[in-house]
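Participant: Those sequence lines, one after another, are chains A and B.
Residue 0 is where the first sequence starts when you use numbering that gives the first Met the number 0, and the numbers rise one by one after that.
Residue 0 is where the second sequence starts when you use numbering that gives the first Met the number 0, and the numbers rise one by one after that.
The set of hints was computed from the structure by calculation and includes no laboratory data.
Careful: at least some of the hints might be erroneous.
[What the hints assert, rightly or not] As a list, the in silico BS3-like pairs of lysine-lysine whose alpha-carbon atoms are at most 27 Å apart:
| # | chain 1 | residue 1 | chain 2 | residue 2 |
| --- | --- | --- | --- | --- |
| 1 | A | K55 | B | K38 |
| 2 | B | K52 | B | K91 |
| 3 | A | K4 | A | K76 |
| 4 | B | K38 | B | K91 |
| 5 | A | K50 | B | K47 |
| 6 | A | K108 | A | K76 |
| 7 | A | K50 | A | K64 |
| 8 | B | K54 | B | K38 |
| 9 | B | K38 | A | K60 |
| 10 | B | K91 | B | K54 |
| 11 | A | K108 | A | K3 |
| 12 | A | K50 | B | K45 |
| 13 | B | K38 | B | K52 |
| 14 | A | K55 | A | K4 |
| 15 | B | K38 | A | K50 |
| 16 | B | K38 | A | K64 |
| 17 | A | K108 | A | K4 |
| 18 | A | K64 | A | K76 |
[What the hints assert, rightly or not] These stretches of chain A come out as covered by chain B in the derived footprint (C-beta under 8 Å, 3 or more residues):
| # | stretch |
| --- | --- |
| 19 | 9 to 16 |
| 20 | 47 to 56 |
Even glycine gets a Cβ: it sits at the ideal position worked out from N, Cα and C.
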Amino acid sequence: MTIKKFMFVNRKAPYGTVYALESLEVVLIAAAFEQDVSLAFMDDGVYQLKKGHQTKGIEMKGFEKTYGALEDYDVTKLYVDSDSLAARGLTADDLCVPVEVMSRAELGKMMEDQDVVLSF
Amino acid sequence: MLHIVNKSPLDRPSLDAVLQTAEAGAILLIEDGVYAATKGSAGEAKLKSAGGKFKLYALAPDLEARGVADRVMDGVTAVDYAGFVDLVAEHKASQSWL
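The whole structure should be built from the sequences, with the hints applied where relevant.
Facilitator: Below, the structure written as structure tokens:
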């Protein structure tokens, strides 16, 4: 099978909408097909990676653990926009998985390098 | 009036609309709206700029789900679902800024 470069761009906060969960589902599918997968987190999407989700009170399935399991699917390219973190009072230390923090311009270059970009 | 905001302050202008429109009352942040009450965020700056004109509340289960219950800004009271009901009952009217 031809391997393509897939980037998933995540720009929504978790739980308030279904985008974050849907993105994860498709990421896992792409990884199962052994594609070259990377994830970008920008704008409110950086909130997806904030550590310490406790979703019992809102009676929704928490999916913080899924980000930690991505490594098992060989999904290790997680890129986070530094400006988006700063605007939300967050740093890489607040996130539940190791990521590469970069500028928006650098993220833009990464996007140009993809075969497929899926936006959530 | 109780103003209820369920959208992230950096994604939608719902909170801005409240702050620009209402003169006083209470603001209850729920769902993605709770991010406005987090320390060091742009939303916190917006709430601070309102200068104490509003009583501020945030729904605790939504803070907890998003991992931000431990970084709520000063001046915001966390309430549970029963507290949500109390706020609605205490105010003459409620408005959800969708």
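Participant: Would you mind marking each hint as holding or not holding in the structure?
Facilitator: Hint-by-hint comparison with the structure:
1. For the suggested pair K55 of chain A and K38 of chain B, the alpha carbons sit about 23 Å apart, so the restraint of at most 27 Å is met.
2. This hinted pair checks out: K52 of chain B and K91 of chain B have alpha carbons roughly 18 Å apart, not beyond 27 Å.
3. In summary, the hint linking K4 of chain A to K76 of chain A is supported, as the alpha carbons are separated by about 11 Å, within the 27 Å threshold.
4. Proposed proximity of K38 of chain B and K91 of chain B is contradicted: the alpha carbons are some 30 Å apart, above 27 Å.
5. Taking the CA atoms of K50 of chain A and K47 of chain B, the gap is near 26 Å; set against the 27 Å cutoff, the hint holds.
6. With a C-alpha separation of about 15 Å, the suggested pair K108 of chain A and K76 of chain A falls inside the 27 Å cut-off, and the hint holds.
7. Between the alpha carbons of K50 of chain A and K64 of chain A the distance comes to roughly 10 Å, so the proposed pair stays at or under 27 Å and holds.
8. About 17 Å separates the Cα atoms of K54 of chain B and K38 of chain B, which keeps this hinted pair within 27 Å; it holds.
9. Taking the CA atoms of K38 of chain B and K60 of chain A, the gap is about 26 Å. The hint holds against a cut of 27 Å.
10. With a C-alpha separation of about 15 Å, the suggested pair K91 of chain B and K54 of chain B falls inside the 27 Å cut-off, and the hint holds.
11. Of the pairs offered as hints, the one joining K108 of chain A and K3 of chain A holds, with about 17 Å between alpha carbons and a cut-off of 27 Å not exceeded.
12. Between the alpha carbons of K50 of chain A and K45 of chain B the distance comes to roughly 24 Å, so the proposed pair stays at or under 27 Å and holds.
13. Using a Cα cut-off of 27 Å, the hinted pair K38 of chain B and K52 of chain B holds, with the two alpha carbons roughly 19 Å apart.
14. Of the supplied pair hints, the one linking K55 of chain A and K4 of chain A is violated, its CA atoms being roughly 36 Å apart against a limit of 27 Å.
15. Distance restraint check for K38 of chain B and K50 of chain A: the Cα-Cα separation of roughly 15 Å lies within the 27 Å cut-off, and the hinted pair is therefore satisfied.
16. Of the supplied pair hints, the one linking K38 of chain B and K64 of chain A holds, its CA atoms being roughly 25 Å apart against a limit of 27 Å.
17. For the given pair, K108 of chain A sits about 14 Å from K4 of chain A by alpha-carbon distance, which is consistent with the 27 Å threshold.
18. Our distance criterion of 27 Å between C-alpha atoms is met by K64 of chain A and K76 of chain A, whose separation comes to about 17 Å.
19. With 6 residues carrying a beta carbon less than 8 Å from a beta carbon of chain B, the stretch 9 to 16 of chain A meets the three-residue requirement, and the given coverage holds.
20. For the stretch 47 to 56 of chain A, the stated coverage by chain B holds: 8 residues have a C-beta nearer than 8 Å to a C-beta of that chain, and at least 3 were required.
Hints 4, 14, counting from the list given before, are not met by this structure.
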